[in-house]
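S.K.: Residue numbers are given in this note's numbering: position 199 of the sequence shown equals residue 199, and the series is strictly consecutive.
Fair warning: there could be bad hints in the mix.
With a straight-line cut-off of 27 Å between C-alpha atoms, the simulated DSSO-like cross-links for lysine-lysine are [to be verified]:
hint : residue 1 : residue 2
1    : Lys-166   : Lys-74
2    : Lys-74    : Lys-233
3    : Lys-166   : Lys-233
Hints in this document: simulated from the structure, not taken from any laboratory.
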Amino acid sequence: MRVTSQFHHDVMKQVTQRTNAQLSDTLIRMTTEQRILRASDDPIGAVRLALLAESGDRLARYRANITTFEFRLKRGEQALSEIVAQFGEAQRKLLMALDGARAPGDLAAIAGVLESVRDMLVHSSNTRDGAGHYLFSGTAITTAPIAFDPVAPAGSRYAYGGNAGKQAAIVGDGVTEVLNDDLAEMADALNALDRAIERMRAPGANANDSTLRDALVQAIDVIDRTSVSVESKIGRLGNAQNMLTLLDDLHASSQVVTTEAAQDAGKIDRIEVYDAYMSYRTALEATQKVYAQVSQLSLFNVL
């Protein structure tokens with residue numbers, strides 16, 4: 001059978017290209033220390049690496065979410081703590097107003113302080129997160145929790161504008177955490193305080209007047225109940241933060257294990273890869289020498 005020069009050239013070209021590709025892959029493996037460059041190199045190993053990568057990405061997302069959620073919970077806890085402190089100040093001033101020896105001017109001065117406390121309570125109740133969403137509106141995050149109607153009579157001007165819905169976030173495989181609370185109870189406390197303020201500001205207010213004293217006592221009672229409720233929510237937010245911290249630590253440990261497993265599954269055997277590199281290099285050099293020698297042959301070499 002006659003072998004043409006073109007056929008010989010094509011065969012040698014294919015062999016050279018294949019060997020060059022193998023040599024290039026080996027160089028890449030040596031440089032990156034990655035054993036699997038494509039799924040066909042090791043189908044089972046490639047699937048395992050893909051699963052490990054997916055697990056690592058999922059853990060990274062959980063940890064990023066936890067960081068965001070922890071900030072939100074801390075901000076909420078801070079706002080609720082401020083509310084409890086403001087309630088304490090309001091109760092002290094209301095108890096002062098119950099002193100029957102207070103003159104109308106004294107009551108008006110106390111009312112002025114309570115107005116500032118009331119406004120601070122509204123401000124704290126309407127706290128937002130970094131994205132501008134209200135923390136205490138349930139799932140109605142774009143609606144202010146405390147709405148104010150200036151034309152309504154004192155004692156009914158404040159209303160809760162949110163809902164009781166819960167915002168649950170996924171923070172682990174099959175693990176969710178509630179990120180929000182509502183402050184529906186704040187409306188009653190604000191209205192009771194507002195009513196007491198109005199009574200104290202009335203011209204000629206008398207500290208011994210039964211109507212005024214009833215308003216003061218009612219405000220103290222409602223504020224006391226609301227403060228207890230808010231304190232329980234502070235406890236829940238604290239527990240949620242502790243849970244997120246624990247989960248974050250677990251996710252961090254899992255990330256280390258996942259990374260090490262991926263490295264073990266995909267890393268090269270340096271000696272094996274070096275031997276392969278030398279074999280491919282030797283084969284390529286030999287192929288090139290043979291091709292060069294055969295290309296020089298002609299009929300005159302055998303005559």
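S.K.: If a hint holds in the structure, say so; if it doesn't, say that too.
M.R.: Hint by hint, here is what the structure shows:
With a C-alpha separation of about 17 Å, the suggested pair Lys-166 and Lys-74 falls inside the 27 Å cut-off, and the hint holds. For the hint linking Lys-74 to Lys-233, the alpha-carbon distance of about 12 Å falls within 27 Å, and the restraint holds. Annotation: proposed proximity of Lys-166 to Lys-233 holds, straight-line Cα distance about 13 Å (limit 27 Å).
Going through the hint list in order, the structure satisfies each hint without exception.
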